[in-house]
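Working from the sequences, and respecting the hints, build out all of it.
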Amino acid sequence: MIEQNLSLLLVVLPLLAAPVTAILPQGKAPWLLTLITTWLCLILASWQLSLVTDGSVISYALGGWAPPWGIEYRIDAMNALVALLISGIAAITLPYALHTVEKEIPRHQLSLFYAVFLLCLVGLLGIAQTGDVFNLFVFLEISSLSSYVLIAMGEQRRALTAAFQYLIMGSIGATFLLIGIGLLFVETGTLNMLDLHERLQPIMHHRTVHTGFAFIVVGIALKLALFPLHLWLPNAYKYSPSAISVFLAATATKVAVYIMLRMVFTVFSTDFVRATPTDHIFLLLGVFGVILASIAAIYQTDMKRLLAYSSIAQISYMVLGMGLASALGVTATLVHVFNHALMKGALFMAAGALVYRVGSSQFKKLDGLGRHMPWTFAAIFIAGLSLIGIPGTAGFISKWYLVLAAIEHQSWLIALVILLGSLLTVVYMWKLVELLFFRPITDPALTVTEAPAWLLLPMWTLIIANIYFGINTELTVGVAETAVNLLGIAAIHE
Amino acid sequence: MWMTELPPFVPFFIAALMVLISSGWPRNLVLLVTPVLAGLYLWLDVTPGTVLTVPIIEFELVLMRADRLSLLFGYIFHIAAFIAAIFSLHERDTTQAVASQLYVGSALGAVFAGDLITLFIFWELLAISSVFLVWARHTERAIRSGMRYLVIQVSSGMLLLAGALLQYYQTDSLTFDFIGLEGISGWLIFIAFGIKCAFPLLHNWLPDAYPEATPTGTVFLSAFTTKTAVYALARGFPGTELLVYIGAVMTVFPIFYAVIENDLRRVLSYSLINQLGFMVCGIGIGTALALNGTVAHAFSHIIYKALLFMSMGAVLYRAGNIYASDLGGMYKSMPKTAVFCIIGASSISAFPLFSGFVSKSMVLAAMIEEGYDYIWLVLLFASAGVLHHAGIKIPYYAFFAKDAGIRTEEAPLNMLIAMGIAALLCIFIGTQPSYLYALLPWEVEFWPYDTTHVLTQLQLLLFAVLAFVWTNKIGLHPHEIHAVNVDIEWLYRKLLPDAAAYMYGVYKRIGYDFIESAHASLKATARTISRTRPGRFHLAASWPTGSMVLWIAVILGFFLLADALY
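Residue numbers (my numbering), protein chains in the order written: chain A, 386 to 879; chain B, 49 to 614.
To be clear, the hints were calculated from the coordinates, so they are not data collected in a lab.
None of the values given here were measured: they were computed from a predicted structure.
Glycine residues also receive a C-beta, built at the ideal position from the N, C-alpha and C atoms.
Mixed in with the good hints there might be a few duds.
As the list claims (entries may be wrong) - Some chain A residues flagged as far from chain B (calculated, every beta-carbon gap over 12 Å):
no.	residue
1	N390
2	A446
3	L563
4	T655
5	Q747
6	I849
As the list claims (entries may be wrong) - Quick partial rundown of chain A residues pointing at chain B, CB under 7 Å, derived from the structure:
no.	residue
7	I553
8	M554
9	V603
10	P613
11	L616
12	P662
13	P776
14	I792
In structure tokens, the structure reads:
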């Protein structure tokens, strides 16, 4: 019974929990309900993944309406991996949220905060589950609208500006996506992804289809903060509450990458990508993104903004993988989606822990803090190694596949850019290490102690995951390869 | 005894962890017991042919490949780690203790690595862990030179990784065996090894960083990094003729720097390169005798070079400086150290009955056998040079010469014990070479104590001594003064920055008018733009919403246009 409705339950569960949370009394109750919901989601998502790792596909017809007409939830290895990632990060963010949220959010808004958080989770999970483009748009809007609210709940008043900027940008992106979907619907009369794919084949040369494709790609590129459409991201991450920085940094852009893969490779096809300049544009923007965003990160004077720029650079790596448009490249992208969520989640948790103790992530406040908060500092250090791509960490695995894909594609420049990006990562992570550890503490009267265990435990869970997935790649690479097989990416013919 | 397949780096990494959380005598116990137990395990339990693989991603990483070559390096690394640990027992610095254990572990990991990825991992760990030994001195000079050291070492690792990837792409194999100079991958790996092995022009990190490290740190440094590179070369490039010439240059050019250098630990660093030259020559010749000579020389070299660095470290520790011009007469305060230093000096100068002699003569004999007569002469000259700068200059200026009036205590007991063990080993190997020869990887009949060898060497040494005495008497010998001797680092520490400054000057002068006018018009444009869309135009700053929307339009337009034209 549960197994048949698994795909739907994963979305319905948080959707039902959200309004209940909103009416719960302020205090720990909303948090507890959210915690239980996210952990249930994690269990369901793991279960779902275990059903599809062998390459099978679950098709769930919503309300019993058969697929091309009704909404279909279509789960293969890629959806399941992304759903697992989202629910896993949510489940691990929640224990972290307990103290940080109590500190940053006014008490009378607590239940609303968690309700919105659950809605955001609904949106993201829905995107991962659905096999219908319009349904996907709806879920994208649910997740986006709720994340605007979550960002606006940040302590500083500038959170409002940041949220507003994100609102404008996000709405434009979503509108573009909707325009694109509309154009495709006009051409084909269907919204189901697989159906779209088949009906598009004979009319691939139509100008409307090309225009629709352009709108879709640009719209999603905005959501995934593809350079140079990344401008909303740094402030959105900086001013949002700590727990939300963690959750959004680890999931939101990753889900956008997933949408891009789905749209480009499932709805359209590898051949279409190669027949249009899409792959070249991805490579071009990816190269610029890796280098310029990394350099921009070096110039930052705020830890959260630094991490945000680093995220943009890392997303550019994923875009490079897509631009290579080969099985190996897309595998690298998917693996990096997963691994980057682990490292950025840990880093934003550490940044949140520093904010929890000193109230700011500005560099001038952080001098020498690493000596007083050794566990947080060690977490930053290890996650930094992973970000750089040192062997033995998760970051190495994805970089390794990406470099292999670049070499297979005979793009030496891309391989060089990837390595150069790693060197730039060393520079900005070293800047953090130097600041946190080697500088004397500015205010000797300031007594800072290590962050509480509720913050450290989730952080270190992610750190251990970083190392674990650097050694055992069965889950990440194995599932990603299955997923890429199902995407049916044609071999490079040169 | 224990499980039979334990990669040799593991005990040291565990020790690093234990050192981190302990202090006082338990820590010292860990430092001493680890190399002994790990060494015994390697000696008794690991037989040539043991292989341990671990599957990671789609590869089989060979964490341990024991054959006679890697085992011999493994033994000597354990001995060196033990001696260096005794020497640094008085240290209370946690950073150094942890870094040194990680460093030893990484060197062992690299030597026992059976594939290029494992090698790369330990290669980089070697760089990262060792730099802390330089930084631990906490002087401005040490921090800066450590930084340069780190950059160069990490670049070496990057080249290695690039070469490994290329090789994997071309041959589908990552095995670390004979590589050879064929194709780009071979060259990349060759240069990566060459940087760590201090090839001429790539050598500068060594005399730059080693003398800046702590007294104990240098003892560790002198033993592992370069010898790991020698091992890697012997494994990957035996018989590459180019190495004979590179090695010959390496034996000669450091002599001149060593003779004029005032910092005695820097003199030793240059003489380290000179000694490496002999080993590189041996690898280049590539016959069984030559390779045996290389390995044997690496073995005895580690011990006597450590001994010399220890004696100079002890002087630095007690006297507070290590400049030839400021020392002198130290034998009155530190007679035991002086004796040990002389034993080390005799070994490096290859006096018969000392360890240097029995190993170096193998390389020289192999060279004659293969018909490299001129190179042989070069090496002979270099041998005389070694005696001059390392054999005589070091003990002479530190312990004898003109009494500088420094009165200190004898070196601490732990240092004396460490130096004593090393000195004993030097004499033992020198007098009983058959024990060392029995360990060598290849079966070769060789005995150094025949009349020709001994006589040639003694003649050479006597004339070199004569030269030192004579130049000193008539005042031809360069005076020991505080000065900066310019080496190849001049290229990147002086020439490049100066050239950049000069180019900037030229740019300012010649292009001033043109650029100024262009600049003015640009500025005007920028002003116009900023009037319409306020905000700073810097990538790292926050951007106004309007400009973001503009970018969307640009990208969409670009996309559609490119699509239409494609």
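For each hint, the structure was consulted:
1. The non-interface label for N390/A is consistent with chain B: the shortest C-beta to C-beta separation is roughly 36 Å, beyond 12 Å.
2. Interface exclusion of A446/A from chain B stands, the closest Cβ pair being 35 Å apart, more than 12 Å.
3. Distance to chain B confirms L563/A as a non-interface residue, since its nearest Cβ pair spans about 14 Å, more than 12 Å.
4. The beta carbon of T655/A is kept farther than 12 Å from every beta carbon of chain B, the shortest such distance being approximately 16 Å.
5. No Cβ of chain B approaches the Cβ of Q747/A within 12 Å, the least distance being about 14 Å, so the stated non-interface status holds.
6. Under the 12 Å C-beta cut-off, the non-interface status given to I849/A relative to chain B holds; the minimum distance is some 16 Å.
7. Look at I553/A: its Cβ gets to within about 5 Å of chain B, closer than 7 Å, so that hint holds up.
8. Hint on M554/A holds. Least Cβ distance to chain B is approximately 6 Å, under the 7 Å limit.
9. A distance limit of 7 Å between C-beta atoms decides the matter here; for V603/A the minimum to chain B is near 5 Å, and the interface restraint holds.
10. Here the hint on P613/A is kept, as its CB sits about 5 Å from the closest CB of chain B, short of 7 Å.
11. Interface hint at L616/A: satisfied, since its Cβ lies 4 Å from the closest Cβ of chain B, which is below the 7 Å cut-off.
12. Of the supplied interface hints, the one on P662/A holds, with its beta-carbon coming within about 4 Å of a beta-carbon of chain B, less than 7 Å.
13. Hint status for P776/A relative to chain B: holds, with the closest Cβ pair at about 5 Å, below 7 Å.
14. Checking I792/A against chain B: minimum C-beta separation of about 5 Å stays under 7 Å; hint holds.
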